[in-house]
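Bring the two chains, given one by one in their own frames, into a single complex with the hints.
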Amino acid sequence: MIRIENIQKKFDDQVVLNGITTEFEKGKTNLIIGKSGAGKTVLLKILVGLIHPTGGKVWYGDTDFTKLNTKQRKAIRTDMGMLFQGSALFDSMTVEENVRFPLDMFTKLTLVEKKKKVNETLARVELTGSNNKYPSEVSGGMQKRVGIARAIILDPKFLFCDEPNSGLDPTTSMKIDELIRNITIENQMTTVINTHDMNSVMEIGENINLLHLGELAWVGNCNEVMTSDNKMLQDFIFASPFLQRLRDAAISQS
Amino acid sequence: MNIFFHFGRYILFMKNTIARPEKLSMYWKETTRQMINIGIGSLVIIGLVSVFIGAVTAVQFAYQLGSSSIPKYYIGYIVRDIMIIELAPTFTCLALAGKVGSNIAAELGGMRQKEQIDALEVMGVDTTAYLIMPKIFAAVVVIPMLVVLASFMGMAGGYVACTIGNLVSDAEFMQGLRAFFDPYNIWIMQVKAVVFAFLLTSVSCYQGFFVVGGSIELGKASTSAVVISNILILLADYILALLLT
Chain P
1 MIRIENIQKK FDDQVVLNGI TTEFEKGKTN LIIGKSGAGK TVLLKILVGL IHPTGGKVWY
61 GDTDFTKLNT KQRKAIRTDM GMLFQGSALF DSMTVEENVR FPLDMFTKLT LVEKKKKVNE
121 TLARVELTGS NNKYPSEVSG GMQKRVGIAR AIILDPKFLF CDEPNSGLDP TTSMKIDELI
181 RNITIENQMT TVINTHDMNS VMEIGENINL LHLGELAWVG NCNEVMTSDN KMLQDFIFAS
241 PFLQRLRDAA ISQS
Chain R
1 MNIFFHFGRY ILFMKNTIAR PEKLSMYWKE TTRQMINIGI GSLVIIGLVS VFIGAVTAVQ
61 FAYQLGSSSI PKYYIGYIVR DIMIIELAPT FTCLALAGKV GSNIAAELGG MRQKEQIDAL
121 EVMGVDTTAY LIMPKIFAAV VVIPMLVVLA SFMGMAGGYV ACTIGNLVSD AEFMQGLRAF
181 FDPYNIWIMQ VKAVVFAFLL TSVSCYQGFF VVGGSIELGK ASTSAVVISN ILILLADYIL
241 ALLLT
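In order, the protein sequences belong to chains P and R. Residue numbering for the first sequence follows the numbering used here, starting at 1 and increasing by one per position. Residue numbering for the second sequence follows the numbering used here, starting at 1 and increasing by one per position.
Don't read these hints as lab results, they were simulated from the structure. For glycine and all other residues, C-beta sits at the position ideal for the given N, C-alpha and C. Wrong hints could be hidden among the right ones.
What the hints assert, rightly or not - Over 10 Å on every C-beta distance to chain R, these chain P residues come out as not near it, computed from the model:
id : residue
1  : I2
2  : Q8
3  : K26
4  : L50
5  : G81
6  : M82
7  : D91
8  : D104
9  : K114
10 : N132
11 : R181
12 : D229
13 : A239
14 : F242
15 : S252
Claimed, not checked - Below are the DSS-like pairs computed for lysine-lysine, each with C-alpha atoms no more than 27 Å apart in a straight line:
id : chain 1 : residue 1 : chain 2 : residue 2
16 : P       : K74       : R       : K114
17 : P       : K45       : P       : K74
18 : R       : K29       : P       : K71
19 : P       : K45       : P       : K67
20 : P       : K71       : R       : K15
21 : P       : K114      : R       : K15
22 : R       : K23       : P       : K133
23 : R       : K15       : P       : K74
24 : P       : K45       : R       : K23
25 : R       : K29       : P       : K116
26 : R       : K99       : P       : K71
27 : R       : K29       : P       : K115
28 : P       : K116      : P       : K133
29 : P       : K45       : P       : K157
30 : P       : K108      : P       : K157
31 : P       : K57       : P       : K157
32 : P       : K115      : R       : K23
33 : R       : K29       : P       : K67
34 : R       : K29       : P       : K114
35 : P       : K35       : P       : K74
36 : P       : K133      : P       : K108
37 : P       : K45       : P       : K175
38 : P       : K35       : R       : K29
39 : R       : K15       : P       : K117
40 : R       : K99       : R       : K29
Just chain R, with the same shape it has in the complex (with noise of 0.2 Å):
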């Protein structure tokens, strides 16, 4: 029963973020205030996951490969693709729930603790759109060119790890990265990373929002944010890569 009536109240939630702004000047100052903190905020972390997550994936590439016929330049072309496909968004945004996702939840908490969400409402300000829709919708559009970067960055660690380990020569690493490309991967990664930053930041405002209690309470809160934003993100991964290809 709990579970219904936390569909039931998320599903009422996020219709309640769509209304009409009071002062559009207002939630544009507040969505930037928050593509910032996501955007920003997150460049250095995602930049760092990604380079690393190229560099291991090129490297078991080639162990992988060892001997066998398949031609070396293939582990460029895999690293584009399993980037762009795969790791840049689920990774990109797991790592994203844990900091944005915890974030979220905290800062709403905080503010229904210290009754700011209620001195809100009282001034006749429409809380949950005012303080939702411009979280996820700059999530909704940072996040997408944060998924971008990172799989830039995943194949520039790739290819590092290539050329200082010999594993591949700078010439086969970039035939791979050209040969068979398909943009129809570049619409799989974007349509992943619009659901993935969605579910993340619509939960973890569900669950800042709703904070009942102390400290405790607030700290449960922020740890239901990234557990339930991850298991929604990887569940979501199977049914788009189902979906999409």
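So here's chain P without its partners, still in its complex pose (with noise of 0.2 Å):
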């Protein structure tokens, strides 16, 4: 489980995160939604120590990760795997070198066992028999499976998502959704995903946190979603007109 306390943040004289106290629970899906400029990708960035806060604390178990310096972070972050928004993957190196790369640097495996354990977690992601191309060779929904792939390969106990369904159509955006659930389960861990897919909120938010210039607005699950009243969450959720009818007749039936 992760804990943040109090956190804040501000870029010069500009308030970015004011007081954010939630926590993101084991084996569950997090979601931090809001609209952009919300503060979204400060908080996550906050969380895995991209961004030191100016205030508050950030708890992984017992361990305030803000008071940490450079060595007992990087004992933390081992156990940590994220995905970046444009996947991140490094562009000289194949599929399976990507994946690799955290076994080549923290591991005394040998590359058969290191490259059996790349083939189980591509095969986890349905990538078998995509070892050998470049990042620039496969389609964006297939860079982002091995950015998860890159991100689980360790086993991490906490798992973190910028944007993952940025650019993809709906049916892929659907499929990785599915994935980041289904591994969350399995492996139980802390996911915390950072989204503004309404479908990802409906489909997976366990635990939903709405930002809202810089405050924390709204706290439940996606059953809550249509039926709380809170205005932000309310705006926020149901901003297209499309939306606001479907809600309308839903009630009406109701």
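If you want it as structure tokens, here you go:
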């Protein structure tokens, strides 16, 4: 479990996050949602230590991540996996080399053992046979799956996903969501996903945190989204006229 | 204030590159990749530049001698010493600042923009050490070798220019190459090569690593890497000339 306490972040005089306190639960897909500029990416980067908060604490179990030095952070980071918005695959490496990189860097496995583990992981994300392709030779959806494979190859306890569905068609998005949820349940990871994809919110939102103008505006799950009367949530979820009509129809039917 | 900010950050950046590798074999693999990029990848350009510089130096010196009483074999002697002491290390590194420096800045800047550096960071890799140390180490090892090659190619260029243009006979040029040789000059050449190699790679790494923004900023960083490296190489050349001669 990850717990954050009173997280604040300022860039010069601009307050980006203001007193965020919440929990991300183990074995669940925890979502951070909100409009563009709400502070989602900043919060995610604070969670993984890429940005240092102006104030507040990030607890990984009993350890305050913000108080650790570089060496201590490294120890926790070996338990982290992250899928970046643009996948962040290394262009000069093949799919196999990308996925194998954490094994090469942090384990003493033999090459045969590493290849076996890579093949198992690629099969897990349905990419069997793509070992020798370069990132530029595979589609956006496949790049995301390579990114997921690389993120989970060391069996991390924490998985972070920054906009995993951006730039993908709805069908591929659903497959990625399903994959992330299945991996989360199988590996009992604490997964934190930063998204503004409504389908993800409704399908895999087990613990949803809505950010609005740098503040935590609502916490709940996908079942509570439809019934909540939180105005900021309603404005965000049902922003499009189509979804508004859909909601009105559902309410009138019930 | 800006220059102090960058100087301070550069010093801290260099300090952070010295760290215990997570896995030595991975660092060595990256170092050999960089050695191939810098060394093999620069052979042709360095060879060409050096041949022509040596040739031009020989022709110019022959012109300066004219019908003076200075022996003709001095052309070989001057070409050899000027290549070893000055032209091979300085021109090689100025050329490499353009080729290798801009390449390093663009590579690191691209990695920063595509969040690849962040990805390494989240994995627990010491990004400053892993991405920078192999580049600097490879440059400091390979560039002095390129400089040695450049000095030989320069002398060869001078020889060819003299023989083709009938400026001096083969025997006289070879006599000049062997005359008044001081091994200390090789030491000067190697010190210059190591210092220039460090400057051009570290400055280029710094420019690329801290890129913020889009393609325009990446282009600026790449240009700055070349310009600042060239200025620092010339400044260091002057200081080393004062200190070593």
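Hey, is P:L50 genuinely clear of chain R, shortest beta carbon separation above 10 Å? violated (6 Å)
| query | Is the nearest Cβ of chain R still more than 10 Å from the Cβ of P:D91? | reply | The claim is violated: P:D91 sits with its nearest Cβ about 8 Å from chain R, within 10 Å.
(message) For R:K29 and P:K115, compute the direct alpha-carbon distance and say whether it is at most 27 Å.
(response) holds (18 Å)
*Report holds if the minimum CB distance from P:D229 to chain R is greater than 10 Å, and violated otherwise.*
holds (38 Å)
Straight-line alpha-carbon gap R:K29 to P:K71, limit 27 Å: holds (23 Å)
Handout entry: Minimum Cβ-Cβ distance from P:N132 to chain R exceeds 10 Å
Key = Answer for P:N132: holds, closest chain R Cβ roughly 19 Å.
**Request:** Measure nothing beyond the straight line between the CA atoms of R:K29 and P:K114; if it is 27 Å or shorter, mark the hint as holding.
**Result:** The hint holds at about 17 Å.
Original post:
Hey, R:K23 versus P:K133, does the alpha-carbon distance stay inside 27 Å?
Top reply: holds (26 Å)
Hey, is P:G81 genuinely clear of chain R, shortest beta carbon separation above 10 Å? The claim is violated: P:G81 sits with its nearest Cβ about 8 Å from chain R, within 10 Å.
Q) If you draw a straight line from the CA of R:K29 to the CA of P:K67, is it 27 Å or shorter? A) Measuring from Cα to Cα gives roughly 34 Å; hence the hint is violated.
Check: Are P:K35 and P:K74 close enough, with their CA atoms no more than 27 Å apart?
Finding: Violated - the C-alpha atoms of P:K74 and P:K35 are around 32 Å apart, more than 27 Å.
Does P:F242 really sit off the interface, with its C-beta more than 10 Å from all C-beta atoms of chain R?
holds (33 Å)
Hint compliance for this structure: hints 4, 5, 6, 7, 8, 21, 26, 33, 35, 38, 39 are not met, and every other hint is.
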